[in-house]
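Spelled out, the chains give:
There are 2 protein chains.
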Amino acid sequence: MCELLGMECNVPTDIVFSFSGLALRGGRRGPHADGWGLALYDGPAVRTFLEPAAASDSKLAAYVRENPIKTLLAIAHVRKRTRGKICLANTHPFVRELWGRSFTFAHNGTVKGVPARARGRFSPIGDTDSERAFCAILGRLEESLPGYPKDAAGKRRMWEVIARAARDIGRGGTFNFLLGDGTHLYARCATRLHHIVRKAPFKAATLADEDLMVDFAEVTTPRDRVVIVSTVPLTRDEVWAQGEPGSMWVFDGGRLRATLRA
Amino acid sequence: MCELLGMECNVPTDIVFSFSGLALRGGRRGPHADGWGLALYDGPAVRTFLEPAAASDSKLAAYVRENPIKTLLAIAHVRKRTRGKICLANTHPFVRELWGRSFTFAHNGTVKGVPARARGRFSPIGDTDSERAFCAILGRLEESLPGYPKDAAGKRRMWEVIARAARDIGRGGTFNFLLGDGTHLYARCATRLHHIVRKAPFKAATLADEDLMVDFAEVTTPRDRVVIVSTVPLTRDEVWAQGEPGSMWVFDGGRLRATLRA
Numbered sequence: 001m002c003e004l005l006g007m008e009c010n011v012p013t014d015i016v017f018s019f020s021g022l023a024l025r026g027g028r029r030g031p032h033a034d035g036w037g038l039a040l041y042d043g044p045a046v047r048t049f050l051e052p053a054a055a056s057d058s059k060l061a062a063y064v065r066e067n068p069i070k071t072l073l074a075i076a077h078v079r080k081r082t083r084g085k086i087c088l089a090n091t092h093p094f095v096r097e098l099w100g101r102s103f104t105f106a107h108n109g110t111v112k113g114v115p116a117r118a119r120g121r122f123s124p125i126g127d128t129d130s131e132r133a134f135c136a137i138l139g140r141l142e143e144s145l146p147g148y149p150k151d152a153a154g155k156r157r158m159w160e161v162i163a164r165a166a167r168d169i170g171r172g173g174t175f176n177f178l179l180g181d182g183t184h185l186y187a188r189c190a191t192r193l194h195h196i197v198r199k200a201p202f203k204a205a206t207l208a209d210e211d212l213m214v215d216f217a218e219v220t221t222p223r224d225r226v227v228i229v230s231t232v233p234l235t236r237d238e239v240w241a242q243g244e245p246g247s248m249w250v251f252d253g254g255r256l257r258a259t260l261r262a
Numbered sequence: 001m002c003e004l005l006g007m008e009c010n011v012p013t014d015i016v017f018s019f020s021g022l023a024l025r026g027g028r029r030g031p032h033a034d035g036w037g038l039a040l041y042d043g044p045a046v047r048t049f050l051e052p053a054a055a056s057d058s059k060l061a062a063y064v065r066e067n068p069i070k071t072l073l074a075i076a077h078v079r080k081r082t083r084g085k086i087c088l089a090n091t092h093p094f095v096r097e098l099w100g101r102s103f104t105f106a107h108n109g110t111v112k113g114v115p116a117r118a119r120g121r122f123s124p125i126g127d128t129d130s131e132r133a134f135c136a137i138l139g140r141l142e143e144s145l146p147g148y149p150k151d152a153a154g155k156r157r158m159w160e161v162i163a164r165a166a167r168d169i170g171r172g173g174t175f176n177f178l179l180g181d182g183t184h185l186y187a188r189c190a191t192r193l194h195h196i197v198r199k200a201p202f203k204a205a206t207l208a209d210e211d212l213m214v215d216f217a218e219v220t221t222p223r224d225r226v227v228i229v230s231t232v233p234l235t236r237d238e239v240w241a242q243g244e245p246g247s248m249w250v251f252d253g254g255r256l257r258a259t260l261r262a
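Protein chains in written order, with our numbering: chain L, 1 to 262; chain C, 1 to 262.
Bound-form chain L, shown alone:
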C-alpha cells in the first residue's frame, strides 16, 4: 500500500508542513520506502519531483522541504511497491497532457483487469496497474467530452465521467486515487481517505508522526482556504473528514464542490 497527499487552495500555499508528514512515512515511520513523488501545479502546467527511493533519506525531498514552492494544487505519493518494479517509470504521480493541460495522478491500492493498451490514445510508460488505470480515465474523458469544459454544467459532466470511470476500474480491486486537472482535485475513496478544509479562524496543528507544529494563523490571511487530502490524518489535533468507500470528492478554490458516487 502507498500513501496519498493532495492539496488544493484558493491562494498559493506551500505544502511543506504536510509533505514533511508524508515524507516521514516514506521509509522512516512507514513501510513506503520504494519511491516518492510530488507534483506542483503552476497554472495548467505541472512540475514533478520524482525519486524511485525512500523519501525519508532523500536529499531531493529535503531540498523540496527547504525551498518551498507555492501552488494552488499539489499531489504527492509515497510508494510501497505492489505491482511493477522500482524504477522512475513506475513512480507516481504520473503526468499526461490532455486538452492543453497537465493531468496528474497518484494511486493507492491495486486494480486488476485494466488493459495494457487502454481505450483511447494514452499508453503506459511503466508497468504498474496504476498508470494503466490513469490512461484509462484519460481515454474515457477524451472519448466522452469535446474538450475541457468552460461552464458549470460541462464541469459537472466531466466530474461524472471521472466518477463513472473510477467506479468501473475500481471493480478490479482497491482504487483510492488523487487526480488533478490544473483546476480541480479529485479524491476517490475505495477504502481509506481523509480530508480537512483549513480556513479562518486558523489554529495551530501538530503532525501526527513528529513533534512538528505550525500555527496556521501566523502564515495565512482570513480569506485563505486550504484543502488537504490524505490517506490517514496527518495531524493529531484537527478533525479530519473520513471518506465514504465508493465516493469521490471534487475540490476547487479550497472548497468541497461535490461528493459523487464513484
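Nothing false has been slipped in among the hints.
Since the list gives no way to pick one copy over another, a pair counts as held whenever it fits inside one copy or between any two copies.
Below, a list of computed lysine-lysine pairs in the DSS-like style, where the Cα atoms sit at most 30 Å apart:
{"#": "1", "residue 1": "Lys85", "residue 2": "Lys112"}
{"#": "2", "residue 1": "Lys80", "residue 2": "Lys70"}
{"#": "3", "residue 1": "Lys59", "residue 2": "Lys70"}
{"#": "4", "residue 1": "Lys150", "residue 2": "Lys199"}
{"#": "5", "residue 1": "Lys112", "residue 2": "Lys155"}
{"#": "6", "residue 1": "Lys70", "residue 2": "Lys199"}
Keep in mind that the hints were calculated from the coordinates and are not lab data.
We have chain L; now place chain C onto it with these hints.
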C-alpha cells in the same frame, strides 16, 4: 535566443560538467536568464527539473550539480524569452508521451506559422512557438508510423519523418532543436549547433566559461562513448564538430548514426 545542451551515451554518465557550463550562461555569463530546464532519462521515462528563473543563481540547479544523476540521454536548455511569457508552462524541455515513451524537446530560435492546434492530438500547454512545433512533430510521427519502430528500417523511416517535419517547420524561422525519444538524441541545426564524441583515449577538458577542468580519463572506462551536443562549444581545449545548417544528427549508443537533410 536560447542555448541547448544534449548528452547521449553508451553507459550511464552524469551531465554535471557540461551542465555547469550551460548553467553559467543562464544568467551570469550569458543573456539567458528567463528559465532553465534539464531532462534526464531513465529507460523510456524521463524526469525533469524546470525553473522559470535564471539557472546561475538557482538553488535547484545547484542541487542538480551537487547530486549528479547518471543517465544515457539528457536534454537541457537555458532560455532567453523571445515568444511567450516567463512561466513554468513555457519552460523547456517539454515532455509528451507517445507510444508508451516520453519524448522530450528543447528549441533555440523562433518559428512562425505552426498552428496552435497542430495536426494530431498533441496540444500545447503554454504559449510558445517551440511547444507548438514539438506538438506538430509528434503529430506527424503518430500519423506517419504505426508505433515505435523495432527494426533498423523502421527506425530509419522514423528519423526521416522527424527530419521532414523539421524541414517543414523550419521554413517558418530558426529551428535549432534537440529531441529525445528515450533511445535516440536528434539534433537539428538551423544556424548553430556543435557536437563532440568523447571516447578512448580520454583526455582532460576545460570549460570555456570558467576554469573548471575534468580529466575524463579518471572517470571513464575504455569502452565509454559520450556524445555532447551544444549550441556553442562548451570546452576550450577540445575539437567540436560544427553542424551544417539544414541538417539533423541522430545519435544512439554514443555514436553518430546518421546525418539527414532536415
